[in-house]
Amino acid sequence: MLGLASSRKIAWRLAVRTDEELIAEILNGATAAFSELAARHRPRVERLCQRFFSDPEIARDLAQECFIRAYTALATYRREMPFGGWLRAIVTNLCYDELRRRRRRPEDLVADFTAPEVQWMNLVNDATPEEIVAAAEERRDAHDLAHRLLDSLRAEDRTVLILKDSEDLNVREIAEIMGWSEAKVKIRAFRARQALRKQAERMRAAVNRERLS
Amino acid sequence: MINCFEARQEFPAFWRREVAAERRAELVSHLARCAKCDRAFRNFALGAPVLHSVGEPAARAVAEGQSARDARPRRSAGVVRGEFVPRRGLAMSAAALVLVAASLAAYFSVTTPVDTLNDELSTDPIATQIPGADLYPSSEDLAG
Numbered sequence: 015m016l017g018l019a020s021s022r023k024i025a026w027r028l029a030v031r032t033d034e035e036l037i038a039e040i041l042n043g044a045t046a047a048f049s050e051l052a053a054r055h056r057p058r059v060e061r062l063c064q065r066f067f068s069d070p071e072i073a074r075d076l077a078q079e080c081f082i083r084a085y086t087a088l089a090t091y092r093r094e095m096p097f098g099g100w101l102r103a104i105v106t107n108l109c110y111d112e113l114r115r116r117r118r119r120p121e122d123l124v125a126d127f128t129a130p131e132v133q134w135m136n137l138v139n140d141a142t143p144e145e146i147v148a149a150a151e152e153r154r155d156a157h158d159l160a161h162r163l164l165d166s167l168r169a170e171d172r173t174v175l176i177l178k179d180s181e182d183l184n185v186r187e188i189a190e191i192m193g194w195s196e197a198k199v200k201i202r203a204f205r206a207r208q209a210l211r212k213q214a215e216r217m218r219a220a221v222n223r224e225r226l227s
Numbered sequence: 302m303i304n305c306f307e308a309r310q311e312f313p314a315f316w317r318r319e320v321a322a323e324r325r326a327e328l329v330s331h332l333a334r335c336a337k338c339d340r341a342f343r344n345f346a347l348g349a350p351v352l353h354s355v356g357e358p359a360a361r362a363v364a365e366g367q368s369a370r371d372a373r374p375r376r377s378a379g380v381v382r383g384e385f386v387p388r389r390g391l392a393m394s395a396a397a398l399v400l401v402a403a404s405l406a407a408y409f410s411v412t413t414p415v416d417t418l419n420d421e422l423s424t425d426p427i428a429t430q431i432p433g434a435d436l437y438p439s440s441e442d443l444a445g
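Chains as they are written, first to last, in this note's numbering: chain A, 15 to 227; chain B, 302 to 445.
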């Protein structure tokens, strides 16, 4: 009985290895263990990429690129930091660089809404808060429009908002990931919120104008 | 009663449906009374589907096929979800790099001199000659 229990425990330990154990195996030459490590962290990495880019293809490519970078730099990983945090720093910087590369003109973004986007904004303008929350869960256009709104921000602003609001990181953690001072993070967060509010007002006003005309 | 600051602090939790029913009712009644907070909530609602969503809307949308943009063929079709597969572009770059390195190694192994500079100078027939010696007659020829 005891033997069975202990063998199960051993089997469980073998089946569920920690990130650190997997990393040690990879560094010792068992590169196949990286598949397990990547599979474990992939959903979180992809979700973070999707917050930066609405196009799932770009998000998937960036997630893939993140794992390639992690694999090639694995020897530099230090155990003081959780592997997930280290990976998040890689993916954030990757997405930030990509945002800067794909810089778009803000004036192009708050115009030419699709019919579903206009419907969604009308709902946001007219419905009760509870109706808005309920409707947002089912609407793809709500998600698209939110991305469009965030696209109008500077890369720094968008990154700070995602790390602060979506990833729930504090100022010090964001500063470490981005290599910025804490003061800069605070200033950027404040300005990002201002810019977001301003752009949201512009979007809603544009739709209201169209409705009235 | 809930004030404006508290109400705005609750927006993310309200969006994620993490607020208790009583608090939720307070927030909704505050929004009904306060025009500024109501406006702030509506602005918040435009960014919240990305910033405060708990799920993976993009992945969900692909599965549902709701967006025409998402229906485009994948660039990296060979990528298997949940499995680490190196990108084709990266593999090609690595192959090109290896090829260039091999060519350079072959080139230098052929052209690099094995002798020292002194060896090269002492054996070089041109270096041992006096420059222009054959252009002028020697003193013996003049005595001649």
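Rather than coming from a laboratory, the hints here were simulated on the basis of the structure. Nothing here was measured: the structure is a model prediction, and the numbers come from that model. Just to be clear, a hint being listed does not mean it is correct.
Quick list of in silico lysine-lysine cross-link-like pairs, DSS-like style, CA-CA up to 27 Å [what the hints assert, rightly or not]: (1) 198/A with 212/A; (2) 198/A with 178/A; (3) 337/B with 212/A; (4) 200/A with 178/A; (5) 212/A with 178/A; (6) 178/A with 337/B; (7) 337/B with 200/A; (8) 212/A with 200/A.
Sample of chain A residues facing chain B (criterion: CB under 10 Å; computed from the structure) [unchecked claim]: (9) 144; (10) 159; (11) 198.
All C-beta atoms in this analysis are idealised placements derived from N, C-alpha and C, irrespective of residue type, glycine included.
Against the structure, the hints come out as follows:
Taken as a hint, the residue 198/A and residue 212/A pair is honoured in the structure, with Cα atoms around 21 Å apart against an allowance of 27 Å. Under the criterion of a C-alpha separation no larger than 27 Å, the hint pairing residue 198/A with residue 178/A is consistent with the structure, at around 14 Å. Simply put, residue 337/B and residue 212/A have alpha-carbon atoms about 14 Å apart, close enough for the 27 Å limit, and the pair holds. Of the supplied pair hints, the one linking residue 200/A and residue 178/A holds, its CA atoms being roughly 10 Å apart against a limit of 27 Å.
A threshold of 27 Å between alpha carbons decides the hint, and for residue 212/A with residue 178/A the separation of about 19 Å falls inside it, so the pair holds. For the given pair, residue 178/A sits about 24 Å from residue 337/B by alpha-carbon distance, which is consistent with the 27 Å threshold. Distance hint between residue 337/B and residue 200/A is fulfilled; the C-alpha atoms sit about 24 Å from each other, no more than 27 Å. For the hint pairing residue 212/A with residue 200/A, the CA-to-CA distance comes to about 18 Å; that is within 27 Å, so the pair holds.
Checking residue 144/A against chain B by beta carbon gives a least distance of about 6 Å; that is within 10 Å, so the hint holds. For residue 159/A, the interface hint holds, since its Cβ comes within 10 Å of a Cβ in chain B; the closest pair sits about 6 Å apart. Contact between residue 198/A and chain B, as hinted, is not supported at the beta carbon level, the nearest pair being about 20 Å apart and thus beyond 10 Å.
In terms of the numbered hints stated before, the structure departs from hint 11 and from no other.
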